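2 protein chains.
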Amino acid sequence: MKDFVFYNPTQIVFGEGKTSEIGKYLQGKKCLFLYGSGSIKRNGIYDRVVESLKKHDVKFVEKSGVKPNPVLSFVYEAIDTARKEQVDCILAVGGGSVIDTAKAVAAGFYYNGDVWDFFVDKAKITKALPIYVVLTLSATASEMNSGAVITNESTKQKFNIQAVSLFPKVSILDPTNTYTVPHNQVANGSVDAIVHLLEGYFTKSYPNTPIQDGFVETLVKTIIATTKKILENPKDYDARANFMWSATLALNGLTTAGIGNYEFPNHMMGHSLSALYDIAHGASLSIVFPAWLKYNESNISKRLASFGKAVFGKTNSKDTITAFEEYFNEIGAPIRLKEVNIDKADIDKIAENAVSLATKWGLKTYTKEVIAKILELAA
Amino acid sequence: MKDFVFYNPTQIVFGEGKTSEIGKYLQGKKCLFLYGSGSIKRNGIYDRVVESLKKHDVKFVEKSGVKPNPVLSFVYEAIDTARKEQVDCILAVGGGSVIDTAKAVAAGFYYNGDVWDFFVDKAKITKALPIYVVLTLSATASEMNSGAVITNESTKQKFNIQAVSLFPKVSILDPTNTYTVPHNQVANGSVDAIVHLLEGYFTKSYPNTPIQDGFVETLVKTIIATTKKILENPKDYDARANFMWSATLALNGLTTAGIGNYEFPNHMMGHSLSALYDIAHGASLSIVFPAWLKYNESNISKRLASFGKAVFGKTNSKDTITAFEEYFNEIGAPIRLKEVNIDKADIDKIAENAVSLATKWGLKTYTKEVIAKILELAA
Numbered sequence: 000m001k002d003f004v005f006y007n008p009t010q011i012v013f014g015e016g017k018t019s020e021i022g023k024y025l026q027g028k029k030c031l032f033l034y035g036s037g038s039i040k041r042n043g044i045y046d047r048v049v050e051s052l053k054k055h056d057v058k059f060v061e062k063s064g065v066k067p068n069p070v071l072s073f074v075y076e077a078i079d080t081a082r083k084e085q086v087d088c089i090l091a092v093g094g095g096s097v098i099d100t101a102k103a104v105a106a107g108f109y110y111n112g113d114v115w116d117f118f119v120d121k122a123k124i125t126k127a128l129p130i131y132v133v134l135t136l137s138a139t140a141s142e143m144n145s146g147a148v149i150t151n152e153s154t155k156q157k158f159n160i161q162a163v164s165l166f167p168k169v170s171i172l173d174p175t176n177t178y179t180v181p182h183n184q185v186a187n188g189s190v191d192a193i194v195h196l197l198e199g200y201f202t203k204s205y206p207n208t209p210i211q212d213g214f215v216e217t218l219v220k221t222i223i224a225t226t227k228k229i230l231e232n233p234k235d236y237d238a239r240a241n242f243m244w245s246a247t248l249a250l251n252g253l254t255t256a257g258i259g260n261y262e263f264p265n266h267m268m269g270h271s272l273s274a275l276y277d278i279a280h281g282a283s284l285s286i287v288f289p290a291w292l293k294y295n296e297s298n299i300s301k302r303l304a305s306f307g308k309a310v311f312g313k314t315n316s317k318d319t320i321t322a323f324e325e326y327f328n329e330i331g332a333p334i335r336l337k338e339v340n341i342d343k344a345d346i347d348k349i350a351e352n353a354v355s356l357a358t359k360w361g362l363k364t365y366t367k368e369v370i371a372k373i374l375e376l377a378a
Numbered sequence: 000m001k002d003f004v005f006y007n008p009t010q011i012v013f014g015e016g017k018t019s020e021i022g023k024y025l026q027g028k029k030c031l032f033l034y035g036s037g038s039i040k041r042n043g044i045y046d047r048v049v050e051s052l053k054k055h056d057v058k059f060v061e062k063s064g065v066k067p068n069p070v071l072s073f074v075y076e077a078i079d080t081a082r083k084e085q086v087d088c089i090l091a092v093g094g095g096s097v098i099d100t101a102k103a104v105a106a107g108f109y110y111n112g113d114v115w116d117f118f119v120d121k122a123k124i125t126k127a128l129p130i131y132v133v134l135t136l137s138a139t140a141s142e143m144n145s146g147a148v149i150t151n152e153s154t155k156q157k158f159n160i161q162a163v164s165l166f167p168k169v170s171i172l173d174p175t176n177t178y179t180v181p182h183n184q185v186a187n188g189s190v191d192a193i194v195h196l197l198e199g200y201f202t203k204s205y206p207n208t209p210i211q212d213g214f215v216e217t218l219v220k221t222i223i224a225t226t227k228k229i230l231e232n233p234k235d236y237d238a239r240a241n242f243m244w245s246a247t248l249a250l251n252g253l254t255t256a257g258i259g260n261y262e263f264p265n266h267m268m269g270h271s272l273s274a275l276y277d278i279a280h281g282a283s284l285s286i287v288f289p290a291w292l293k294y295n296e297s298n299i300s301k302r303l304a305s306f307g308k309a310v311f312g313k314t315n316s317k318d319t320i321t322a323f324e325e326y327f328n329e330i331g332a333p334i335r336l337k338e339v340n341i342d343k344a345d346i347d348k349i350a351e352n353a354v355s356l357a358t359k360w361g362l363k364t365y366t367k368e369v370i371a372k373i374l375e376l377a378a
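Chains as they are written, first to last, in numbering that gives the first Met the number 0: chain A, 0 to 378; chain B, 0 to 378.
Just so you know, not all the hints are guaranteed correct.
Given that identical chains are not distinguished, each listed pair holds provided it fits within a single copy or across any two copies.
[Said to hold, decoys possible] Using 25 Å as the maximum straight-line C-alpha spacing, the simulated PhoX-like pairs for lysine-lysine come out as follows:
(1) 121 x 234
(2) 1 x 234
(3) 1 x 227
(4) 1 x 168
(5) 126 x 168
(6) 220 x 301
(7) 220 x 308
(8) 23 x 123
(9) 220 x 313
(10) 367 x 293
(11) 23 x 126
(12) 337 x 126
(13) 1 x 23
(14) 1 x 228
(15) 228 x 301
(16) 54 x 121
(17) 40 x 293
(18) 123 x 220
Derived from the structure by calculation, the hints contain no laboratory data. Since this is a predicted model, take the numbers as computed values, not measurements.
Using the sequences and the accompanying hints, generate a full structural model.
This is the structure we're talking about:
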């Protein structure tokens, strides 16, 4: 085991009906209530949240319209609103996009400069508004970690921040809130959570990590099994619940604690696809990940085989990669660039964009040429 | 998945040499420095802690002499010292006994009545001194949970408390601190951690828990494998490290979140053996657990078989129970009452004592007769 610090103070309140308890947990007098396109108004979540806030005398100001691949311009607007309305906390009702927006706003609220400074390492986050979450889409684990990813539309950069003050105080995980999540978003969430787990699993620097390996294999197996069940029966409570908790545990620090250095190359490349073409994060990963595995197969063949045995019942690295592609196919996630209408001729442009994030993340082996070679395997 | 609340704000600082950083993490001006028999003076841990406290200008008053199966009279004394010296935090350097004592003192410090009131549910813990830990013995997971167990010598009761304010703020987990832990204590810790994991695994009320099952199986496998390595080579860093983190994760709330109601019948019976005969906690469990499995075999045979397959490579419940006994034997942990010189004739007396804890914990099926029957299987 390699040295690590593990700290995760987010309180998880898990179960059917817990949405109606959000007001009880919210330690604030007036919150900025962030949400997305308004699906929460159609499925009743909005009403349950508002009722609970009123019951517990929490005032709120609404700001809706957060989009997938959330953008910086919206963050600016929301910071303005938060300041004008003098809120003392943020309530994010949604998935990763809404929660990540909440985190950027929470950090920007107290900062006099441009909030983008935090993303390009020009400034450090030292203080943030307290964040509360009602999760409606399982994928990013933002509900139980301290990171956020925002796209700067003008620079075409999808960059991240991370700070202890960005851990949500309380996150409500009510599996029934995800009953109406459409198939393609379930698939995207499934891919995202799996790749979160496997970035560390396949790139870690420390060899002997039986605890983390077992946890990752357990979670990937559970995610694959429950995704299939959800796609068959969207109201399978147990499947939704196990999927939800797995996705949260997939990036809350648990499975990477002690594995040494690790990298996020698939996210690095996927973020460029999303920044340039606005394709869903999960879809970008289902395209990039098999290609990345193929490019690295000779270096990680033993590990691919042992993972394949534990999760897919396969015995060698090639079959394991095929099993991933078959699984992604089965759930309707794209595995080639052309499936999302990206032309092979664009690879150079994508690689160019990806390199800036590779540099920010210190991924030195990922030159423009290497990235292009990997993307060609997805063509 | 069953509804749950998961909250664990303890910060874990893991790695070789981290003991020397304790002063940096300690947010207090004067702490009560608790430790055991003084082994920390012989192996150098004491010097490293004191040096770090001095470096960071943290004053301290020492109180040593915490014993295994820590007692209430010592807690009283330590509360007196803490008040007299006006400390503002507690530093526990030791294993579960020292940490549990720290928790009882932390809670008692602010309470005007008898601290034992908390143990017999006459009063609720609402406030406690902040607790910091340097772990020297892996077993109880007290370094990352909110519970504590203390023995009242006059009433012969080994009872527990639990409160959010009792989570340690920071726990240093430095595997090299356990290099000098003697074989029998390694074995006891191994048994304790395994039974922590399996009490929930075999008594849970909710059926479909693939995440928690996989985590438990991973941790038990890791504990068994690393215990054997440690007994062969006490300075095997990786074995000590994996054992240490496994034991912490074994009772920090992770593996029981979502499994519904569960019981601690083996701890209930084990606590009586320790309260009456002052035998080590782990030894009490290695005696009681196989007997409990035998008593319940017909009810949990499927689950015993699937656990046996995952962990021991066995295919039926009987072989799984035998595998436990063989493992306990191999590491020198007792599996029969006579091995710790407890006479079969005492079973009635032990059952009588155990029933009071069964009542406190709401274990209604554990009448005196049932407990006696189980203990007879350990005779």
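Exercise for review: Of all the hints given earlier, name the ones this structure violates by number, lowest first.
Suggested key: 1, 12, 16, 17, 18
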